[in-house]
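Visitor: Residues per chain, in single letters:
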Amino acid sequence: APRREMDDAMLESLEDVLIQADMGVDTALRVSANIAEGRFGKKISAPELRRALAGEVTRIMTPVARPLPLYPSKPQVVLVVGVNGSGKTTTIGKLASQFKAAGKSVVIAAGDTFRAAAVEQLQVWGSRAGVPVLTAPEGSDPASLAFDAFTRARAEGADLLMIDTAGRLQNRADLMEELAKIVRTLRKIDPTAPHNTLLVLDATTGQNAVAQVEIFRKIADVSGLVMTKLDGTAKGGVLVSLADKFGLPIHAIGVGEQIDDLAPFDPEDFARALVGLDA
Amino acid sequence: MFESLSDRLGSVFDRLTKQGALSEADVIAALREVRVALLEADVSLPVARDFIKRVQDKATGAAVTKSITPGQMVVKIVHDELIRVLEGDGPADALKIDNPPAAILMVGLQGSGKTTTTAKLAKRLKDRNNKRVLLASLDTNRPAAMEQLAILAGQIGVDSLPIVKGESAVQIARRAKTQAAMGGYDVLFLDTAGRLHIDEVLMDEVQAVRDIAQPRETLLVVDGLTGQDAVNVAAEFDGKVGISGVVLTRMDGDGRGGAALSMRAVTGKPIRFVGLGEKMDALETFEAGRVAGRILGM
Ligand SMILES: Nc1nc2c(ncn2[C@@H]2O[C@H](COP(=O)(O)OP(=O)(O)OP(=O)(O)O)[C@@H](O)[C@H]2O)c(=O)[nH]1
Ligand SMILES: Nc1nc2c(ncn2[C@@H]2O[C@H](COP(=O)(O)OP(=O)(O)OP(=O)(O)O)[C@@H](O)[C@H]2O)c(=O)[nH]1
Ligand SMILES: [K+]
Ligand SMILES: [Mg+2]
Ligand SMILES: [Mg+2]
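Protein chains in written order, with this note's numbering: chain A, 1 to 279; chain B, 1 to 298.
Calculated from the structure, these hints are not laboratory results. Among these hints, one or two may not hold up.
[As the list claims (entries may be wrong)] If you want a taste of the chain B side facing chain A, the calculated C-beta under 7 angstroms gives, among others:
no., residue
1, Gly20
2, Leu45
3, Thr60
4, Leu202
[As the list claims (entries may be wrong)] Take a look, some chain A residues computed to stay more than 12 angstroms from chain B by CB distance:
no., residue
5, Pro2
6, Gly55
7, Ser86
8, Gly247
9, Pro264
[Unchecked claim] Derived BS3-like pairs (lysine-lysine); straight-line CA-CA distance at most 30 angstroms:
no., chain 1, residue 1, chain 2, residue 2
10, A, Lys218, B, Lys279
11, B, Lys177, B, Lys123
12, B, Lys177, A, Lys181
13, B, Lys123, B, Lys66
Remember, predicted model here, so these are calculated numbers, not experimental data. Glycine included, C-beta positions come from ideal geometry on N, C-alpha and C.
All chains, please: the whole structure from these sequences, using the hints.
Guide: Encoded structure:
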């Protein structure tokens, strides 16, 4: 590929690539400025530039690429939260299947007592994963279901309890209080619970993901992120701003609707896709 | 945010104390700030770029009077143009539901809000227009998707097509059409499975459904929190299925809703409704002025 002198126009085209990946203007400017440093005025080819960019994104993302930590608590309680439709229920099905395959005994609690057929949906996932699903009637209090499920999973000596929750937008104070109550209730049984609180983010979401992390973290003590729907054309670049701002680990990514479509977060693959380099 | 755009523009124009007409250089400097505001509101980059270009032509040479500062002048021009682009022609809620049974096909990405919006629209047509509505789920993919629609139909008091397991989406569409005609329904809603715009198999499926159903309306249901991907989604769904309008969901969130501009600019199709919550009455007609203000952070 031809090499040409790195100039403002080139820098701007870098910024554009990052902005179109949903990185947000501030972060895009900062990341491309890092790339320009030491290279400005020197000759460089377009592929070299993309590789440099991918390298920089990989560098930022490597510290947050961490699998879901496992604890000896029996059961380890994993609470799954997020805005509507982000992929919480599906991700629980996929995770349950992985843990089951790893020899863990898993119980799922159908904590979305609000949405129509949310329980039925989770029951299908439970049977696909070969894992029992504890339910409560539609409209009942999710905190008391969480309490009952925790008590039961503990009595049965389960390794993992995964709790699904209803989708909620982070600006809905009433629904966020309902979530806080679930956390408080779990802590009555075990002050260290929930041991993981996973915030599920949809890759197609733009800059609002920052507010989602900010508020869910405040209310429910989010311990890690999962990003779904990375099998589409959305790049999920907002994860770079999130890594920068919050440093929360990214445990996994969703890459489809089937039970095996959950992969570890690989910073290099992510970075290459983000800047448009082939895997 | 609007304050901050105004403030930013104010500082851009600080050195411009003279009155008169906006020079090209002034306008370019100001529009750089507007560009950032649009991108922060999740307007897709190519759409933001075209928009800025158009505004630049309109703003250059615009007269700044005593009563208005250059910053306010630019904001007004941007705001007016934003409304102009967002506004469709004619009333947004005028769905084509003559020639009963009129089929309405609901399409979009996974989790965008299709099933919920289907039920909300059905309730609206039933309550406000006295229509007899039949709901059919063609979602053979997502666990309990059909049950979800059937439960919602029960809640709003409209009929849903009986669930027959093992049928394909195309078969269900045929059965729904027959049922709608025989049962004397005014409107038939076809709720489809969520699909990626790049999934060829599923995009082919929805084309086959469209050819059978001959919908009077095909509504693309889009998450109002969508970021830069909005242009791809809009172009692919409109190109492959041919949409007649857009519904933006989750506008009860605190997202800035830049996807509205992207959708409108790419498809040229009107935004019909906005979803403002999970309840069955949380649906309103699209108002360009409100969304324009929101994109600019007013
Ligand atoms: N393409 C793709 N679709 C996904 C992925 N994860 C989930 N989905 C789909 O997204 C839609 C919503 O997923 P759910 O798991 O129901 O999302 P949720 O967050 O539980 O939704 P609510 O409970 O309604 O808030 C479904 O159609 C899923 O099949 C993914 O990684 N890729
Ligand atoms: N806050 C809010 N939630 C909404 C709105 N519209 C839909 N939802 C929620 O978003 C989630 C997904 O909605 P669905 O109607 O199941 O979405 P879908 O497009 O049918 O999903 P798939 O069939 O899996 O592709 C549910 O939790 C709905 O309650 C809205 O306008 N505001
Ligand atoms: K979404
Ligand atoms: Mg769910
Ligand atoms: Mg649906």
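Visitor: Next, verify each hint and record whether it holds.
Guide: Evaluated hints:
Against a cut-off of 7 angstroms between C-beta atoms, the interface hint on glycine 20(B) is violated, since the closest Cβ of chain A lies about 31 angstroms away. Because the beta carbon of leucine 45(B) sits about 5 angstroms from the nearest beta carbon in chain A, less than 7 angstroms, this interface hint is met. Because the smallest distance between the Cβ of threonine 60(B) and any Cβ of chain A comes to about 22 angstroms, over 7 angstroms, the interface hint for this residue is violated. For the restraint placing leucine 202(B) at the interface with chain A, the shortest Cβ-Cβ distance is roughly 10 angstroms, beyond the 7 angstroms limit, so the hint is violated.
Every CB of chain B lies more than 12 angstroms from the CB of proline 2(A), the least distance being 25 angstroms, so the non-interface label holds. Separation of glycine 55(A) from chain B is adequate, the least Cβ-Cβ distance of about 22 angstroms exceeding the 12 angstroms criterion. With a closest Cβ-Cβ approach of about 7 angstroms to chain B, serine 86(A) is found to fall inside the 12 angstroms limit, against its non-interface label. For glycine 247(A), the requirement that its beta carbon stay farther than 12 angstroms from each beta carbon of chain B is met, with the minimum near 22 angstroms.
Non-interface call for proline 264(A) relative to chain B: holds, since the shortest CB-CB distance, roughly 21 angstroms, exceeds 12 angstroms. The suggested pairing of lysine 218(A) with lysine 279(B) holds, with an alpha-carbon distance near 26 angstroms, which does not exceed 30 angstroms. For the hint linking lysine 177(B) to lysine 123(B), the alpha-carbon distance of about 20 angstroms falls within 30 angstroms, and the restraint holds. A C-alpha spacing of about 47 angstroms is found between lysine 177(B) and lysine 181(A), which places the hinted pair above 30 angstroms, so the restraint is violated.
Our distance criterion of 30 angstroms between C-alpha atoms is broken by lysine 123(B) and lysine 66(B), whose separation comes to about 51 angstroms.
Violated hints, listed in ascending order, are 1, 3, 4, 7, 12, 13; each of the other numbered hints is respected by the structure.
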